[in-house]
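Visitor: Spelled out from the first residue to the last, the chains are:
Number of protein chains: 2
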Amino acid sequence: PTLIASETEQFEIGKQKAKVCMTCHGADGISTQEPYPNLRGQKMGYLISSLKDYQTRERTSGLAVLMQQQADALSDQDIRDIAYFYSQLGNESQP
Amino acid sequence: PTLIASETEQFEIGKQKAKVCMTCHGADGISTQEPYPNLRGQKMGYLISSLKDYQTRERTSGLAVLMQQQADALSDQDIRDIAYFYSQLGNESQP
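Respectively, the protein sequence lines represent chains P and F.
The opening residue of the first sequence carries number 1 in the numbering used here; numbering runs sequentially from there.
The opening residue of the second sequence carries number 1 in the numbering used here; numbering runs sequentially from there.
The set of hints was computed from the structure by calculation and includes no laboratory data.
Check before you lean on any hint, since a few could be wrong.
One copy or two, it doesn't matter: identical chains are merged, so the pair holds either way.
[Said to hold, decoys possible] Here are the computed lysine to any residue pairs in the SDA-like style, where the Cα-Cα straight-line distance is at most 25 Å: (1) Lys-19 <-> Tyr-54; (2) Lys-15 <-> Pro-35; (3) Lys-17 <-> Gln-88; (4) Lys-15 <-> Asp-78; (5) Lys-15 <-> Asp-72; (6) Lys-19 <-> Lys-52; (7) Lys-15 <-> Gln-77; (8) Lys-15 <-> Arg-40.
Chain P extracted, bound-state conformation:
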């Protein structure tokens, strides 16, 4: 039970931090526009490295500029929390 409570807590923390992401990537992690990726159930490791690639300017195309600005505002902890949230979104064990 402790473990489950902690996971739910982590999920909620990530959800709060992901509010700004939802504008483009959807409240349910299914994006609202073709150019933007769905993030629902995406691999956590991939989400973390993608956000870091925006921070370090290793993703640089037109639309990447928008994500660079978003990623710059995030700490390493924010990135982990948001990545955890999206990786778990759609997982049946989550509310």
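Got chain P sorted already, so can you dock chain F onto it with the hints?
Guide: Relative to chain P, chain F alone:
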């Protein structure tokens, strides 16, 4: 019926071209490793621009080098076919 046949045909063409992608991104579009993204049901527009970003070296981090090599081998038509396949994968209307 003609439209449905054509969509199924497109799906199969993309599926054949995507065989090499499946090694890392999974036969069902759910990747086999944390650093690799799931592609199942991903937005077609995003998949196309991502592959083009690898071709034009607008994605350059460590793991991107592997994808640059893969993307270099693809024509614009290949990219569209593969993107269509993954965008439709998991869609109930597909076999």
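Visitor: Can you give the numbers of the hints that this structure goes against, from lowest to highest?
Guide: As far as the earlier hints go, not one is violated by this structure.
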